[in-house]
Amino acid sequence: MLRKRIIFTLIYENGFFNQSRNFRLQKVGNIDWLEKNYRLQDISFSLDEIIVLNASKGDKDIKRFATILNRLVDDVFIPIAAGGGVNSIADAEMLFKNGADKIVLNSALYEKPNMVKEIVQHYGKQSVVASVDYINQDVFIKNGVQKIDTPLDLYIKHIESLNVGEVYLNSIEQDGTGFGYDIDTIQKISSEIKIPLIVAGGAGNEKHLLKAISMGNVNAVATANLFNFIGDGWPNARRYMLENNCNLAEWKS
Amino acid sequence: MCKKEIFWCNNCLNMSTRPRITFDDRGYCNACQWLEEKKIMDWKPREEELVNLLDKYRSTNGNFDCVVPVSGGKDGSYVAHQLKHKYGMNPLAITVKPALSLEIGDQNITNFIRSGYNHIHISCNPIVLDRLNKYGFIEKGFPYYGWLIAIMTAVIKTATNFKIPLIFYGEDGEVEYGGSTESKNKSLYDMEYMKRVYLEGGHAKVFDRIKADGDISDTDLAFFQFPAEEEISGIGLSFTHWSYYEAWDSYRNYIVAKDHCGLIEKDEGNQDTFTNFAQNDQALYSLHAYLMYLKFGFGRATQDAGIEIRRGAMTRGQAINLVKMYDNAYPEELIETYLAYYQMTKDEFDAVLDKYVNKDLFEKKDGVWQPKFDVAQDFSY
Amino acid sequence: MKVAIVDYGMGNIRSIASALKYINVRDIVISSNEKELSKSDKLILPGVGSFASAMKFIKGRGLDATLNELVIQQEKPVLGICLGMQLLGMSSDEDGVNQGLGFIDGVVDVFDDDNVTVPHVGFNQVALKHPSLLYQNMQDTLDFYFVHSHKMTANSDIGQSFCHYDESFVASFEKGNIAGTQFHPELSQKNGLNVLKNFMELF
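Chains as they are written, first to last, in the working numbering: chain W, 349 to 601; chain F, 15 to 395; chain X, 457 to 659.
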């Protein structure tokens, strides 16, 4: 039976990892900080996947991002998806070469659909995660700055037509608030979407994660909350969810 | 020999050492109990009281009808915004300039004013302010005691002079964050409460010291004196907390201040907590928080964690990790600033810290005070 | 013990190398060079992407012949991972019918997206079929990480263990010196690392 997944999203900007609140970033620490406070080699036994997003404004310096990706990959043995500013096949190639198991595309879904198709063609649909940032029915690209005219439900259909593997649906309004997920929108989208759905935006604790992951068509829950799960936060969260009959992978020691 | 014990709230992480705090039989502190009450109580009567109060004082001739002390931060901005836009009042916002103001704090005040408010910026004589701050630091362990006095006295003095009868402070910290519950059900409070609770009765002591210096007179202290009761009852001046009339919600205040008053956050967090959107106006705040930590065992992160736990964003278990990470924060980055400000040597400065640290809870290791206790583990001594 | 990860331009080599290092495999070479590969004791054939592109690359570098020599003639142990496992089979219907390396009797076709959400992504359970070298000392049903849209089925006994998603498909196989896992052992936590260890030690 296919398990559901808990995904930890890391928001990277210019060498640092950040706490995002409604897409405003607070610099928290670099990879050393992350390794120290999360003991990555250990906590990956509580997580199913990691997503690392390059939210740097201006020049994304994908090369530098790739070196950080390298280090993350060496630390953990779970899938890592990487993205942010992938503007060409060469960018995608660089991320795959540096350890990404999947890549995450966002603005390209709108601006360069042919490039998306090409990446899917070459790397396979299962290698591509489509990230969508929204507020209500409005979709935003470029780190939440530019509103596009396609409403959310039609945009999801457009994304499916590009033959990507999964959708990462992220609520800008809930982002970093700790209020919990945008359940109403997730309900709507999950009932219509044909490919695996990862939901994000608003989770502060394990109760939020449990609520969303228990929804029928939600395949995975993600959180980018960099503070709340520090220390023993992740093992506790996973244990709590398993105790509440969540369908998650178990790894016997 | 009687063994003493310290313990933590079973819901948030407030400590039993917090002055005036009380706990119920579940071990929930009064801030957490109040939160539960806030959720289920009917706020309509209190909102009616507010409407009546405001109707009574609303200006009919274009004059200011209420004063809102603001620092540029989320709470004052929220209150000013509600008074002006929801209730049609004509607020006069007042800021008492702190010593060592931070750039982001200054920017936030500018942004707040620019969003459309009449505002007075009070600079109390800095020579006097600095002296009061220093004596407050030494005599009471309150690094910005002078400012703490002035945000009451200077504001009251200004309100009196403008004949504005109503001063709206934000929240009563005792009720919202843990402490005395005596004003929980009182809409108005008075100067006696301010002196006794907020200034912890130290006002007179610090004044005596400053006068003993001989170079600062009563007239120099004009902005720091509470007026006589007769003076304020003459114009019918009332003080109140917004948190009496509407369920206080720090995070909501932050969102409103961001959306409507131009509030900006720091790009980075702080050394002593995980938030970046609160208490950004003055450098002395970190020292205040550190002294609080040494005196009582909890710092800024514990306070912030309490707010996060109570609003459901974080669990107590999660908060423990953050408090362990952030609370014990000797203000390394600012120490030179503090020494220059107080004109003290590091030894003199550390001696003041040594005076206030609770030695039952802390021990010195390599020149720095370290906790003997573990966060959230009941501790006896 | 020298392990070669076959580099034909597609495949998450870094993760595999990382996992191998973690289980103390020191001598790792990443190459598509015939000489290098022939010096190694074991081969790992990774794979991320499309079958057609992969076979094109492999043939383009003459790797099909090289692998035939090393795996079939010299019987070097080989572990195919994900697409790498599929390539060891006869064919795949991805982008039209494409020939695989033909080392084992398995055929690849796509999941039916009328029945299940495709791709199959996440941890899923594999019923370990014993006797097995890959799963030695491992208990009966374990979670491994899958991410694929195509699956292998086999008509004969190739030592396969099954996973179920819409239908039962080959989660892993082992026949002589040739083994393959549809799941990613390098992404499957402890379970995956144990499989890699078993491949290293027992094949």
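Among these hints, one or two may not hold up.
Calculated lysine to aspartate or glutamate pairs in the EDC-like style (CA-CA distance at most 20 Å, straight line) [what the hints assert, rightly or not]: (1) 473(W) with 483(X); (2) 338(F) with 580(W); (3) 473(W) with 622(X); (4) 375(W) with 361(W); (5) 338(F) with 422(W); (6) 384(W) with 282(F); (7) 542(W) with 570(X); (8) 280(F) with 361(W); (9) 473(W) with 551(X); (10) 375(W) with 346(F); (11) 338(F) with 279(F); (12) 495(W) with 273(F); (13) 477(X) with 422(W); (14) 473(W) with 525(X); (15) 154(F) with 364(F); (16) 272(F) with 521(W); (17) 473(W) with 570(X); (18) 477(X) with 383(W); (19) 465(W) with 551(X); (20) 512(X) with 380(W); (21) 542(W) with 568(X); (22) 646(X) with 598(W); (23) 219(F) with 153(F); (24) 473(W) with 565(X); (25) 512(X) with 441(W); (26) 555(W) with 50(F); (27) 405(W) with 282(F); (28) 405(W) with 153(F).
If you only want the chain F side, here are some residues facing chain W, beta carbon under 8 Å, derived [to be verified]: (29) 113; (30) 116; (31) 281; (32) 285; (33) 332.
Here are the in silico distance ranges between beta carbons for each label pair [to be verified]: (34) 381(W) with 223(F): 35 to 45 Å; (35) 377(F) with 587(W): 55 to 65 Å; (36) 418(W) with 139(F): 32 to 42 Å; (37) 570(X) with 485(W): 24 to 34 Å; (38) 598(W) with 572(X): 20 to 30 Å; (39) 497(W) with 136(F): 24 to 34 Å.
Treat the hints as calculated values from the structure; they're not laboratory data. Ideal placement from N, C-alpha and C gives every residue a C-beta, glycine not left out.
Checked hints:
no.: 1; hint: 473(W) with 483(X); verdict: violated (33 Å)
no.: 2; hint: 338(F) with 580(W); verdict: holds (12 Å)
no.: 3; hint: 473(W) with 622(X); verdict: holds (19 Å)
no.: 4; hint: 375(W) with 361(W); verdict: holds (8 Å)
no.: 5; hint: 338(F) with 422(W); verdict: violated (28 Å)
no.: 6; hint: 384(W) with 282(F); verdict: holds (18 Å)
no.: 7; hint: 542(W) with 570(X); verdict: holds (9 Å)
no.: 8; hint: 280(F) with 361(W); verdict: holds (15 Å)
no.: 9; hint: 473(W) with 551(X); verdict: holds (12 Å)
no.: 10; hint: 375(W) with 346(F); verdict: holds (19 Å)
no.: 11; hint: 338(F) with 279(F); verdict: violated (24 Å)
no.: 12; hint: 495(W) with 273(F); verdict: holds (18 Å)
no.: 13; hint: 477(X) with 422(W); verdict: holds (9 Å)
no.: 14; hint: 473(W) with 525(X); verdict: violated (32 Å)
no.: 15; hint: 154(F) with 364(F); verdict: holds (15 Å)
no.: 16; hint: 272(F) with 521(W); verdict: holds (13 Å)
no.: 17; hint: 473(W) with 570(X); verdict: holds (17 Å)
no.: 18; hint: 477(X) with 383(W); verdict: holds (19 Å)
no.: 19; hint: 465(W) with 551(X); verdict: holds (14 Å)
no.: 20; hint: 512(X) with 380(W); verdict: violated (41 Å)
no.: 21; hint: 542(W) with 568(X); verdict: holds (12 Å)
no.: 22; hint: 646(X) with 598(W); verdict: holds (10 Å)
no.: 23; hint: 219(F) with 153(F); verdict: holds (8 Å)
no.: 24; hint: 473(W) with 565(X); verdict: holds (15 Å)
no.: 25; hint: 512(X) with 441(W); verdict: holds (18 Å)
no.: 26; hint: 555(W) with 50(F); verdict: holds (19 Å)
no.: 27; hint: 405(W) with 282(F); verdict: holds (16 Å)
no.: 28; hint: 405(W) with 153(F); verdict: violated (49 Å)
no.: 29; hint: 113; verdict: violated (26 Å)
no.: 30; hint: 116; verdict: violated (16 Å)
no.: 31; hint: 281; verdict: holds (6 Å)
no.: 32; hint: 285; verdict: violated (12 Å)
no.: 33; hint: 332; verdict: holds (5 Å)
no.: 34; hint: 381(W) with 223(F): 35 to 45 Å; verdict: holds (44 Å)
no.: 35; hint: 377(F) with 587(W): 55 to 65 Å; verdict: violated (35 Å)
no.: 36; hint: 418(W) with 139(F): 32 to 42 Å; verdict: violated (58 Å)
no.: 37; hint: 570(X) with 485(W): 24 to 34 Å; verdict: holds (29 Å)
no.: 38; hint: 598(W) with 572(X): 20 to 30 Å; verdict: holds (22 Å)
no.: 39; hint: 497(W) with 136(F): 24 to 34 Å; verdict: violated (50 Å)
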